[in-house]
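Residue numbers (our numbering), protein chains in the order written: chain A, 174 to 511; chain B, 1410 to 2368.
One or more of the hints may lead you astray.
Unchecked claim - Taking lysine-lysine pairs in the DSS-like style, the calculated list, with each CA pair at most 30 angstroms apart, reads:
1. 2090/B <-> 2063/B
2. 500/A <-> 1718/B
3. 249/A <-> 187/A
4. 285/A <-> 425/A
5. 1455/B <-> 1535/B
6. 2116/B <-> 2088/B
7. 2066/B <-> 425/A
8. 1963/B <-> 500/A
9. 258/A <-> 285/A
10. 2088/B <-> 2068/B
11. 1641/B <-> 425/A
12. 500/A <-> 1958/B
13. 2253/B <-> 2219/B
14. 500/A <-> 2217/B
15. 2116/B <-> 2150/B
16. 1958/B <-> 2150/B
17. 1535/B <-> 500/A
18. 258/A <-> 196/A
19. 1718/B <-> 1641/B
20. 425/A <-> 1659/B
21. 2088/B <-> 2063/B
22. 2186/B <-> 2150/B
23. 2199/B <-> 2219/B
24. 1654/B <-> 1641/B
If you're looking for bench data, these hints aren't it; they were derived computationally from the structure.
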Amino acid sequence: MSDFVPDLVAACRKTIARFEKQKGHPHLYPAASQALVLRLRERFPDGRGVLDQPAFDEIVALVDAGDEKVAGLHLKDAGRAEVEKALIDRYRILLRDVDTLRVSTRAALESKAAFGGDEILQAPTEAAVIDRLAHNHFLVFPEAFKVFEILDRHGVPQSAFDDVVDQFHFARKINSVIADYLRTELIQYRVLRRKDNDLELQRIPASGLSYLVTEFLLLLSDHRVDVGIRASDLFEQLSPFLRDPEASLHSKWQDDLQPERPLINFEVGGTQVRLSSESLVWQTEQGLVDPKTVGMVVRRNGSEQQLSALRADVTRIVNANSPRNAKEVLAGFSNRGR
Amino acid sequence: MTLISRFHTPPFEYMANRNNAHIRFTPPAVERHVGVYLETLANACKSTTFDPNGSVNALIFGEWGHGKSHVLYRTERHLQAAPGVLVLTLVPELLNPKRVLQTAITSLRARDSGLDLKSLEDAWAKVSTLSDEDRASERIVARAFALFAKNLDRRHVVLLFDEVQTTTDSFQGFVTALEKEFRDAQIVLHLLQCHSLATLDYALKVAASLGPWLQRARQIHLPAIQLRDAHKFFADRLAECTTDKALAAKLVPDGVARTICEAAGGNPRKMLQYAGQLLRSCDEHHEEQFSGRGVVDVFSREAGMGAGKRLYSEQELRRIVELLPQEIGPFGVRIASLLEKRIDRLFGEWEAITALEISRELGDVAAHQLDGLLRPVDGLPLFQTREDDFGSHEYLLSDAFRRRLSAGFGYTGSVDLKQNQVDLLFRPTELQANIADGLRTILFRERVATANPRPVPLGEFPPPAPAYSPIPIRGYRTTVPIARTSFAVPVLVTGICSLRPPLLMIERIVEGLVSGEWLFAYIFYSNENLPWANWEEEEEAKNALAPLKNTQSKIIAIEDNDWGELVHVSDERHRTQPSVVAAQFFADIVGATRLIDSPSEEAEQFAVRLADLVRTRLPTLSTVCYLPSDDERALLDNNDLWGDRRSTKEVSLKEMKEKTGRSWSGRDLNNLLDSYLEKRKGNYVRRPDDTCLIYNALRDVLEERPKQSLSVDDLRKEMERRVVTAGSGDPRDVVEWLLRKLVDGGVAVVDLTQSYRYRDVRKESRERDQSIAASLKELRRRIADVQKYKISLAEPLAAELTTCERKKPKHDVPQNERLDLLIALGQDLLTLSNKVSAAEARVKEETQNVIDLLEELLTKVRSRRSALPLRWQPLILSDAQLDALQLALSHIAAPEGADGEELYELVTRRREALESTLTLALTRVEGRVQANGDSLQELKNLIASGAPFQAVTLTVEIE
């Protein structure tokens, strides 16, 4: 059982290091990012292509000014620069070569669960483009997973976002500005929607679903892997988030993530579901599992030495940020208790 | 060819019989359960040897029309070819031995089975004269059945009891007697009972009367059909009745199936009855498929729930159509027209219309105008929206409007409350996780929980039979807000009904409380036979709860008395049956899991009331002490703002901003109320340190171990055992902050290793009081002694002593300050003591000088005298005079009998007198006394002077 723990710890540390490298959560101008991707899609319908900086600037200018079909977003200079950064440095839909920009592929991205630029541009519909961006958004800004802690399909007042302020999640502290960005971005990506004065979950991309499924399976199994969990229990946990969890989990949702092997396995006629250790390691490496959750798994299955390496990484980041929930986050890595 | 003629057997036959026993159950889970039971029973019946533990028993329960008889016929059919098996189906009026026997004889005679009924008839002759309640019949009837089977040479007997409407307390006795007699006859007895359980109190009675047998029996519940299964229910049935698979699949479209299911309250028999009528209507109209029109036609004629009500009410539609223009205006006219035109499909076929299509239907209205469809009319939303798989909006009738249009049979969404209630009475362990799930939904939905609750495994119930897997016990961890503050604390929520608290569950909860995973645990609990308080008194409970001793974290049980009012009891007699009320309450909780998808007014009201109940039990600032952040601690320490520690200065938010450089809101400061601040008319006053629970806990820890030095971490650990804390501050930092206050307040002392020790102010003050009193007395004495010898030295010392005496603090001064004053006074007295010592040394030195001088004089006198011839010595200075001088000298150091100035004068006088006496004695022994013509003196001087003389001439005149 404990053989997989070193791999898991290594995967988690690698992910933490990756997110540490990408500091902060900038203003992404999600509407502009979407508009820009849609323009690129027109330009590269087959998802492949290279363009030079002036050509790219031209497209950005189009997004800014609009044309006879689509209204402009009237970005200021700073906004244009931010959108460019979001698309290239964060979402990595385009990759920068020496003088040119080329459309990325999944293989070129750090998270293999993310759609490559080519897949996003080739999405069958514009709605699918947005869904794929939403999927990648969680992988690039994993603090967005925190949203599942504060709302579900039933909806909560918009002020619920205040509850996540100054909280640490995944690898970042969510300050009030980031909380505001998150709300806007997730609405723009149609993950959330406004209903009267409330916000409710509208749709969950595969990355979000994977995060929830893994988290609930581990909670139900008391952070053990390779154990059978009653499928009905998992469906029950997911029901606040999905209209029909059973149908959703039997759909092709894993196709978006392209895992090496199925993330979860249904067995005993579909009445039982199992999360394998290999799947957990793979998901962790792709940035789909909260380090705190990984900490709990290591604490349950590994040694103090294995846990301490992970704890040191997280403690360093947490202490540097002084979030409100520091105690709770670090408790997940404590060698005391469970 | 008519539609009906295309079925080889009537497709919607709603009474179970042997011919349709093969039809599959819906939902598939029930079919699976029944299938497993039948296979197990058939396998057991294959055994040709007697196995006393080989019985396969089952209890089938469900409401009227849910398929109990169907199970019975299926069982009969399944075993019909099994050799060596006798299957008897019994439908007694009363479940007592006498009536069971009577029913068996009647049934066997009716079947004209040709079997020899003598043993049964003989038994009937014996019991027919006995009353129904007579327990004597149990053994007679049981033996008769066993003998009957033995005579038939059957190794297995399957007794099937159908439609058992009433039971008696003695039935368990009859079952025991049956089992014994069959065991003695070496025949395996298999029992199957079907119970209607129409009322909960009856279910409870059945559970009580079956006793331990129930635990050994498979329990199969036949639930109401859920909306999502409605189409499958019809399609499966139709597929068994026709060879035309396409017809079977399409005859009852999904929307129509749902409408039928909704109207029938999920009751399969009613669904079949309605479907039968729709089939005839369809046939009459030469249609191939049930349609909304047919549904509206049939439902308009069918009686609904309530006197004079129909399953579809045209009047309700008319009312809405008329109100639409009045409430929504011109757009309402269009909606009314749409409703009139499409109500058959919208209602009967559960039609969902795409945004594009409905926009066209309403006259090409703009997308934003479609929101008007969602506006309520007559207080009722007419439409609701949902998204299709491609993210487009669809519009369909709202649930509330559907209920208004159709007085159906109490469909509760996808929740079968009755099923839940019976399950809670029969299989409480299996419902535990559902109770927890329901609590999760209610608490988050009603915003009692600020974070989406996460499941926590709390162990497992032991499996009821080897074939079953263990049943998980579940709780949810979430955070709940502290009233009037902006911070929340983690808690665990769970529930158990009619069960003894499982030890593993309690141990896990306690473990979480001790480790701080959750600060409080709430258990919704009901057990008629073991109230929580009684359980807590048991040894097992005491051991399990032992780690919580001396801690503030606790398990809070919410019991029947707390939530009794939340349960709507249709029959007030049930109030006296706590188990029944509890089953209703917990069933409502379980039903809440479907609040998102199938909200009902009753369920929502229940959720609101339950949430209100929980809110009254949530922790407050008086039970949870807030850990202030760095900024907040700096604010609290700002003496420029608040004044000194004893000040009760009122400070405004504006002043806080001025003094701290940042703005503070009332919301920010709410967290600090109670322990650190007090609010007075919009302003704030800093509270004394000892109003803070943490401060007091730290002081108590130190006080309890007065001789121990404790590190910050030790103190923190101990504090966390005693006080429930939460907040944004780092606990260690807060503990250090408060320890500094304890030190400043004189309650603790800190050493160089940053360890803290208690300082007992009262004791220390008392000791210092005593020591100061003793010092003062001693100093007074010593200064007086000094004064004996040298008043000039004693005077300033005495003045200082008076000052010190005046410094002695009064008892109305605060303890800490008084101790400080005592310590300072002690220092002063020490200084004074040193000064007195110096004076004493000086007095001693001076005294010694005088004594030395006097002794020198005396020595000279002695030496001079001893130099005289012995015979002259008494003449010059007698022995007595010399002794007197010696004695006077020895007394000069410690005169007695006087004090103060008088003493000083006496001593001085004596010293001077002695000095002159000695000087005089010296002149005498040296022969220097003034003779003044005194011849004798001259003679003495001559002798004493030692001058040589040969003769002395004495002239004596005699008168």
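Evaluation of the provided hints:
1. 2090/B <-> 2063/B: holds, 14 angstroms
2. 500/A <-> 1718/B: violated, 61 angstroms
3. 249/A <-> 187/A: violated, 36 angstroms
4. 285/A <-> 425/A: holds, 17 angstroms
5. 1455/B <-> 1535/B: Measuring from Cα to Cα gives roughly 35 angstroms; hence the hint is violated.
6. 2116/B <-> 2088/B: violated, 39 angstroms
7. 2066/B <-> 425/A: violated, 57 angstroms
8. 1963/B <-> 500/A: Status holds; Cα separation ~21 angstroms.
9. 258/A <-> 285/A: Holds, because 21 angstroms separates the two Cα atoms, which is no more than 30 angstroms.
10. 2088/B <-> 2068/B: holds, 18 angstroms
11. 1641/B <-> 425/A: With a Cα-Cα distance of about 24 angstroms, the restraint between residue 1641/B and residue 425/A holds, given a limit of 30 angstroms.
12. 500/A <-> 1958/B: Cα-Cα ~24 angstroms, so holds.
13. 2253/B <-> 2219/B: violated, 37 angstroms
14. 500/A <-> 2217/B: With a Cα-Cα distance of about 50 angstroms, the restraint between residue 500/A and residue 2217/B is violated, given a limit of 30 angstroms.
15. 2116/B <-> 2150/B: With a Cα-Cα distance of about 20 angstroms, the restraint between residue 2116/B and residue 2150/B holds, given a limit of 30 angstroms.
16. 1958/B <-> 2150/B: holds, 28 angstroms
17. 1535/B <-> 500/A: violated, 78 angstroms
18. 258/A <-> 196/A: Cα-Cα ~13 angstroms, so holds.
19. 1718/B <-> 1641/B: holds, 29 angstroms
20. 425/A <-> 1659/B: holds, 27 angstroms
21. 2088/B <-> 2063/B: Given pair residue 2088/B, residue 2063/B holds - Cα atoms ~15 angstroms apart, limit 30 angstroms.
22. 2186/B <-> 2150/B: The hint is violated at about 36 angstroms.
23. 2199/B <-> 2219/B: violated, 34 angstroms
24. 1654/B <-> 1641/B: holds, 13 angstroms
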